[in-house]
Amino acid sequence: MINRKSTYLTIIIALILLVPLTLIALSIGRMQLTLGQTWAGLIDPKHNALYANILYDIRLPRVLGALVIGAALASSGIAFQNLFNNPLVSPDLLGVSNGAAVGAALAILLNSHLWEIQLFALAGGILAVSITVLLPRLVGQEGTLILVLSGIIISGFMQAALGLLKYLADPDSQLQSIVYWQLGSIAKLDVKSLLAALPMMVIGMLILLFLRWHLTIISLGTQTAASQGINVEKERLIIIFAATLLTSGAVCLAGTIGWIGLVVPHIARRIIGDNARFALPLAAIFGAAFLLVIDTLARTLSAGEIPLSILTGFIGTPVFIYILAHRRDLIQ
Amino acid sequence: MSLLSVNQLRFSYGSRTIFDQVSFTLEPGQILTILGPNGVGKSTLLACLTNQHRNITGQITLKNRPLNEWSPTNLAKHMALVPQDYRTGAHLTVIDYLTTARAPYLGLGQVPRAHEEHLANDILTELGIQHLAPQRVQTLSGGQMQLVAIARALVQEPELLILDEPMAALDLGRQRQVLKIVQNLAKRGVAVILTTHVPNQALLLNDQVGLLFADGQFLAGQCQEILNHDRLEKLYQCPLKVVYVPELGRSICEISQ
Chain F
335 MINRKSTYLT IIIALILLVP LTLIALSIGR MQLTLGQTWA GLIDPKHNAL YANILYDIRL
395 PRVLGALVIG AALASSGIAF QNLFNNPLVS PDLLGVSNGA AVGAALAILL NSHLWEIQLF
455 ALAGGILAVS ITVLLPRLVG QEGTLILVLS GIIISGFMQA ALGLLKYLAD PDSQLQSIVY
515 WQLGSIAKLD VKSLLAALPM MVIGMLILLF LRWHLTIISL GTQTAASQGI NVEKERLIII
575 FAATLLTSGA VCLAGTIGWI GLVVPHIARR IIGDNARFAL PLAAIFGAAF LLVIDTLART
635 LSAGEIPLSI LTGFIGTPVF IYILAHRRDL IQ
Chain H
1137 MSLLSVNQLR FSYGSRTIFD QVSFTLEPGQ ILTILGPNGV GKSTLLACLT NQHRNITGQI
1197 TLKNRPLNEW SPTNLAKHMA LVPQDYRTGA HLTVIDYLTT ARAPYLGLGQ VPRAHEEHLA
1257 NDILTELGIQ HLAPQRVQTL SGGQMQLVAI ARALVQEPEL LILDEPMAAL DLGRQRQVLK
1317 IVQNLAKRGV AVILTTHVPN QALLLNDQVG LLFADGQFLA GQCQEILNHD RLEKLYQCPL
1377 KVVYVPELGR SICEISQ
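In order, the protein sequence lines correspond to chains F and H. Under my numbering, the residues of the first sequence are numbered 335 to 666, in order. Under my numbering, the residues of the second sequence are numbered 1137 to 1393, in order.
Keep in mind the hints are simulated off the structure, nothing from the lab. Being a predicted model, the structure only gives us computed values, none of them experimental. Be aware that a few hints might be false.
Unchecked claim - Quick look at which bits of chain F chain H covers, simulated, 3 or more residues with Cβ under 8 Å:
(1) 548–557
(2) 563–570
As the list claims (entries may be wrong) - Here are the computed distance ranges between Cβ atoms for each label pair:
(3) L472(F) / L1384(H): 54 to 64 Å
(4) F575(F) / N1204(H): 25 to 35 Å
(5) G474(F) / V1334(H): 48 to 58 Å
(6) Q557(F) / P1375(H): 49 to 59 Å
(7) R1249(H) / L571(F): 25 to 35 Å
(8) A1304(H) / G474(F): 40 to 50 Å
(9) P1375(H) / K568(F): 22 to 32 Å
(10) A1304(H) / G490(F): 38 to 48 Å
(11) R1324(H) / K339(F): 48 to 58 Å
(12) E1383(H) / R604(F): 37 to 47 Å
(13) T1209(H) / L349(F): 26 to 36 Å
Glycine is no exception: its CB is placed at the ideal position from the N, C-alpha and C atoms.
Build the full structure now, drawing on both the sequences and the hints.
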């Protein structure tokens, strides 16, 4: 009999380890706090007003943002990988991130409200992934390679569209905010925008968690899943919608942060196996931890802010090369 | 009441008729072995029987109910198919792969628990491959994979098991293993339909036989009434000998020159 205890234990330990990691991240900054001071500031703000101000006003929104965005991108990645039975796809590679960025940039250009930016980002993400999925059918081919190529094409197109929007933007006000946000940063994240994006991300996450075992079955292929009585077409649309909700929410908050949706799911699967039922929760936890570490580095490594995509890129590429070298079966 | 009843089934791709007037019935515990040359449409026939093709004429009823009136979930609780191309689930462990077959019994959002894993484990034990449970599917040999694929179908607890060329790539020992599994299932009341290129397997199973000819005609009945020298030569368009072997207590079919 298979022992599941270690599987559940891995997820629980990872979840518990997030707590000290979060505390450490909160204590690090321009004003260095001890863990004791951080704890005191968090639980007793009245008597530790100085610490509490720094923690609640500056660090906590950012740390929470990193946790939420990291979890969202990694979950979205594992959902897409199972959906297409293709471990080489991610929200970035399928064009979802860039599509959402175009939607959000368009909304910024139109001086829209916060919720309109989110709606535009969602629409852009769904549009991009739809074209990416339909393109191989249009040219009459299928398989891992053509889907990845299609994603590269659509990402390229969306980047061009983003370039056009930047060209059209008002250089004094809009351009700056588009460029800054596009590079990927949660430095300016405030509680208000975090709370605004949270519902869509929570909904997306709940849908994926609810369907996490069906994700495993769908990864066996359409025919096999359908012969288990699963309505593959319908569930596939729901999963694409949920994963795009997560990616778009993340893009609204922090711009396009690359690599997390590709690399973190792989690390999670290596540890806990490929069953999405377990890999999804673990990838969400790892994603949260990964972005928290990256963002803490981004704000402490230098005097200024390092854009997140620079750091995730430098970490993500070697990890991806490692994956390609050690799991050749991925590329059939 | 027959478990499965097929009446005047006809299927065509465009203007090309694949098969015509396929009729047979199958009772619980019966084994139907379908023989036919390459590319004649055996797999297509199995796809029709599992409700994967909508544009058929004629009627297929399962438990007196037309097949197209069954919901996919309910149908999956009654019949299971092991396709010829069973190379899926490469990334999962065998036990995780097997429990995915419980999907028809679990509601949306539910996941397999100890009950499902026990069931899968019992079936692996029954087939003598319980040691494969923690292995990844992609590490299995062809023979092991075929047994695991059959095990997965059994985890679905079907009343009708459909196997598409289950012994095509297996050595004699493994072939015997699969034949024994089929016979044991039939003894327990499970109906089995399988396709094969080896008439000897039909002669060994000695139950129902269906012949699918290149011109799309289908002939079904008791093995001893159906399988004779002339029909087999017509089926495969080649000179054959059907010889009774007293030591085996049955006939065997061989190429004669």
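Hints that the structure is at odds with (numbers, increasing)
Those not satisfied are hints 5, 6, 8, 9, 11 and 12.
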